[in-house]
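Peer 1: First to last, the sequence lines map onto chains A and B.
The opening position of the first sequence corresponds to residue 1 in UniProt numbering, with each subsequent residue numbered one higher.
The opening position of the second sequence corresponds to residue 1 in UniProt numbering, with each subsequent residue numbered one higher.
Any given hint could turn out to be false.
[Stated by the list, open to error] Derived CB-CB ranges, DEER-like:
| no. | chain 1 | residue 1 | chain 2 | residue 2 | range |
| --- | --- | --- | --- | --- | --- |
| 1 | A | 43 | B | 752 | 15 to 25 Å |
| 2 | A | 198 | B | 133 | 34 to 44 Å |
| 3 | A | 137 | B | 463 | 17 to 27 Å |
| 4 | A | 152 | B | 234 | 20 to 30 Å |
[To be verified] Away from chain A, derived, C-beta distances all over 10 Å, residues of chain B:
| no. | residue |
| --- | --- |
| 5 | 460 |
| 6 | 678 |
| 7 | 700 |
| 8 | 766 |
The hints are simulated quantities; they were obtained by calculation from the structure and are not laboratory data.
Heads up, the beta-carbon is just placed ideally off N, CA and C, and yes, glycines get one too.
Residues per chain are reported as follows:
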Amino acid sequence: MALPLPPGLTPAETAFLCEMEMVTVIPRQRLEGLELLGGPIPPLNPPYRTPLPLWLALLLKRQRRANILPPPWLSPPSLHSILDFEKSTPSFSPPPPLPPYATTSPPFLPSATANAPPDALPYHWLELGEMLLEAANDDIPEPDNVRRLMRDLREVRMAKMRAGVGVLEGGREVNMNGVGGMEVAEGRAFIGGVVDGLRKIGASKELSRREREAEERENGIGGGEEDEDDMDI
Amino acid sequence: MAAVIQQRPRARPAHPAGPTFLTYTPNGKQLVTAGSNNVVRVYATGSDGEPTNLDDCQENNTAIAATNDFFLTGSEDGTVCMYSLDTYTYEKMLTRCTLPIRDIALSPDGQWAAVASDELTVKIVNIEDTFKVLYLRDLPKPAKHLSFDPSGSYIAASCADGIIYVYKVSTEEPELVRKVDGLIRSLDVESESSSRAVWHPDGRAFAAPTATRDIQVVSTGDGERQRAFSGGHMGDVTALAWSPNGALLITAASDRKILLWDVKTQKILARYDYPSVINMAWHPTQNIVSFVTSDGELYIYENFLQPDTSALLQKPMQPSPYIRDPLAETSGNATKVLTNGFKDTSNPREKRRGTPDSLDDILGPELEDEDDFVSDDDGAGYLDDVNGFGKRSNDHLEPIDGFDGKRRATVQAWQPRLHQSFQPGSTPWRGNRKYLCLNLTGFVWTVDQDTHHTVTVEFYDHEYHRDFHFTDPYLYDKACLNENGTLFSCPPANSNPAMVFYRPHETWTTRADWRTQLPAGEDVTSISLSDSYIVVTTSTNYVRIFTLYGTPFRVYRQKSSPTVTCASWRDYILTMGNGPAGGDGSTKLLYTIENVKRDEVCQSEDIVALTEGAQVKSVFFSDNGDPCVYDSTGVLLILQHWRSPGQARWVPVLDTKQLERLASGRKEETYWPVAVAQEKFHCIILKGGDQYPYFPKPLLSEFDFKIPCSNSTALKDAEDSSVLEGPKLEELFVRSSLMLSLLEDLVSSTNATHSQRTELSRREVEVNKSLLQLLNVECREGEERGMKALEIVGLMRDPSGKMVEAAGKVAGRYGRTVLQEKIGELAEKRLLGVEDEDL
């Protein structure tokens, strides 16, 4: 193989995709609108709030030309309630509802702007939260508390993901609605490995079963062949 | 420097050496002391004989509290015992803790006892039913002191971690309302030094000893530091007590001194030399102060105040020492209603008869019982502030000590309630700061430094403007800020008349700022700054218009008076004043809009449409130049068709009470209007019952317009998305039509730019689009909705006929053939121009 990387996205790549997310910015100085390949950037006019892609917002933030307005879900009360939900139910907390007639997917959904729903974690919650905490520490209320809650959430959800793998053995499926992009990237190697391992263990059994079935078919009894290779995760 | 007083009272050996505590009963008849032995002593006031002793009490008492009928002692063994004062016997054990008791506070009604122990929770136990217990749980360390406020609705716990926790206990569950950090020292619970927060008898503030051995007063309402009693003690403060009327404060410290302070001036009136005083108490009515020392000695100091100062004790209830007393001044932005016979509440009187300095005593003794209107007759009436509607809440009716409870009738003639003048975008003083101006350009705030103010102007756009800061000897109290400059005004002070000061941000000459003094006796009621003119309304009802560089341009008297406020945008100015009295007893608010340059009056003395009792909170022009008003009911109104006389009407564009964020009912917040720009309402969200924004600079929030068309909360419950969609689109239609008409007016009255014209056609399309979507919904609903669908098509503004054609197609797509035919007929009629223009 020419590419030494494992299949799937690396965390850096996921973070890169996340930088396409729109965030709300309060500019501190004027900027003409920009016509970029990725779409036009509206003119910045303090103190009007403007939606900008995260990469540009971070750039302006680092240059102290703008303040980033953290999305409503990145606040201690919201994270608290989500964390409580995660702790109380075996499934992941649901993703934000799609706007009506939406045909886009993350990162093109307005899930990290100031108007985002406060009670749901969007697809890029982990990487977006980390990036904002790192770059726009001073714009986030109670950053230490937020960081701690993010950490708690991440651990609870990773634990759930690992627990879900245990179920896979029986050939059942795990509902992963609401799992974030970074979590998928993180869990992919592990879950993929487990599934692959399971497949290998099951392969000899499968082989003998197929042989037996073929035999039976030859003997005229017959039976519908089911392909159980693709386990849904 | 006051003389050291002789004539010492004798020390009464009350208890063995050790921590000793004392308290007066509220009626002042008895003084109860407890100490480290197992005897509690009760001294009768006025008799010099032996006290009554209660033997066989707990040893090592650590706290005492008394009502007229009983007293409580807390001891190191963790028990709180209750003793009767009638029979001088043990009654019951109120509660017990696992660790030593540290303090006991009785609520003013004597129903509840708050008990602090070395445990981390504070118990508030009901006296009658000791199983009824409330807990204060948020303390990270044991509480050292507890004190109830005079109304009994708040309790302050001085915690050993150096923070004062203020709880509201009037509710079922005590609620932590404020943490006051950095005020007291973190003291060990057994330390003799005190960190007690002692409430001023008026309940608006409490005082606590600081680490610098000062006594700092903190207001209850906002937790701001007010005046301090500083520079008195050389040792740690061990005890402090307000005089019953709040006019005097005594403090004792480990520097062997007792100091007597005048609350009003924060000066030391007298010093007394008594070593190791650890607790003090004023007699509730007489000129007696009692204190105990750590040697267990009790001093009952009769005639504590010398004749020259004892008059202070006779005074009625004195207000707590605020830096900026919200009651002492009528703040510029107060939306306060003048009640009948309104009086200055800054000098509240508890009892009118016999007050040494009451002017009313001299002027009108025969009106004694009548002339004092409801404003302050309860002796603590300044507890509550004027609420958002400019009316007093009735909280102050609760009986408080010294309240005679009698409502007095008024004999004064009826007077209409006036709208108070205010400066849009400013806040009243809070602590020693206030915002002079807050808008989308930036904000101007000032800090009171006693002799002068310091004014800071900050901008949102840090690149385009530079923030500046100056010391202000003129004490400016109003300001306006825009892209070009800053305008200030100051009230007349001493012999100086009122003044207006303009400072442009950019200049190509060496000096561009100017000051103008108004004629003597004229005060500025509001100022406003536009791109081309400066407007000043004054107390003599003049409207003075200056050009940007100080040339007086026009002076005229406003027809409606007294003036309320003004706003301006380019050449247009809007002035507001009180008109004739309306049916609800308050004056009608009238506005006038005129174009200064063309000298044209657009609207003359038209009415600002307010609901009954409502007040204008702010008035400003939107970025497109439409006048907007935000009223105290939380509705944002915009003025439509205001350029043609007589045509203007106020249209509600947002009702903040119906915002979706409030729909859950959990949030309690108000909105402080800042501006209307880009079809959004920019405001500051205020939480926790705040009325005005404060420091640090709050974040601006913005809300889209939403014309209140239908009940939005009912829509929330609707499952069906199409049910939800219809009203939304209807609202969109009304809103886009309004925006279209506002823009049409603007374009027709000015030399419209190209972008404005394209914007106009875009808006037109938007209106039609909302109608098409509405039609879509109606068609989907079914054949029977055809009548409404046809009506919607009739509403379309569509000279080209394309939209109606599109509407026909929509009908066709849903297979509504009859409707499609009718739409076709309509289109034909329109094309021929035979449609009925007016019904």
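Peer 1: Now, for every hint given, state plainly whether the structure supports it.
Peer 2: Hints versus structure:
| no. | hint | verdict |
| --- | --- | --- |
| 1 | A:43 - B:752: 15 to 25 Å | holds (21 Å) |
| 2 | A:198 - B:133: 34 to 44 Å | violated (58 Å) |
| 3 | A:137 - B:463: 17 to 27 Å | holds (23 Å) |
| 4 | A:152 - B:234: 20 to 30 Å | violated (50 Å) |
| 5 | 460 | violated (4 Å) |
| 6 | 678 | violated (6 Å) |
| 7 | 700 | violated (6 Å) |
| 8 | 766 | holds (18 Å) |
When the structure is compared with the earlier hints, violations turn up for hints 2, 4, 5, 6 and 7 and for no others.
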